[in-house]
Amino acid sequence: MPLYLSRFSYTPETWARLIDRPEDRAQAARSYIESVGGKLHGFWYAFGTHDGYNLWEAPDNVSMAAVALAIGGGGALSSFETTVLLTVDETMKALRAAGQVQYRPPGA
Numbered sequence: 004m005p006l007y008l009s010r011f012s013y014t015p016e017t018w019a020r021l022i023d024r025p026e027d028r029a030q031a032a033r034s035y036i037e038s039v040g041g042k043l044h045g046f047w048y049a050f051g052t053h054d055g056y057n058l059w060e061a062p063d064n065v066s067m068a069a070v071a072l073a074i075g076g077g078g079a080l081s082s083f084e085t086t087v088l089l090t091v092d093e094t095m096k097a098l099r100a101a102g103q104v105q106y107r108p109p110g111a
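Residue numbers (the numbering used here): 4 to 111.
Simulated from the structure, these hints should not be mistaken for lab results. Glycine is no exception: its CB is placed at the ideal position from the N, C-alpha and C atoms. Treat the hints with care, since some could be wrong.
As the list claims (entries may be wrong) - Pair ranges (Cβ atoms, derived):
1) E16 with A100: 43 to 49 Å
2) A111 with Q30: 51 to 57 Å
3) M95 with E37: 26 to 32 Å
4) I22 with P62: 31 to 37 Å
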């Protein structure tokens with residue numbers, strides 16, 4: 004199954020609610036991805052540009068998009084970005100296929 008890396012940031016209101024009532028949001032994230040047949044591989048909080056990171060596995064892009072849309076539409080986050088991760092084997096296949104693409108730079 005494909006892997007996905009998500010970066011998220013909470014709104015100030017969400018942080019206030021979590022301070023008032025601390026909650027393990029990794030459990031919530033796990034339930035979201037499992038509802039589409041996926042798996043949560045990790046959930047981390049961080050200092051810096053984003054408040055946290057998730058590593059997910061999902062059956063396909065549509066399943067992951069459904070989870071991302073549900074989370075993003077929930078109003079608790081100020082940002083939510085997901086990156087599809089490629090395995091080394093997938094990248095090697097893409098590199099070989101790229102050699103068959105007849106690319107022409109602009110203006111050439």
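Now for the hints, and whether the structure bears them out:
no. : hint                      : result
1   : E16 with A100: 43 to 49 Å : holds, 46 Å
2   : A111 with Q30: 51 to 57 Å : holds, 54 Å
3   : M95 with E37: 26 to 32 Å  : holds, 31 Å
4   : I22 with P62: 31 to 37 Å  : holds, 36 Å
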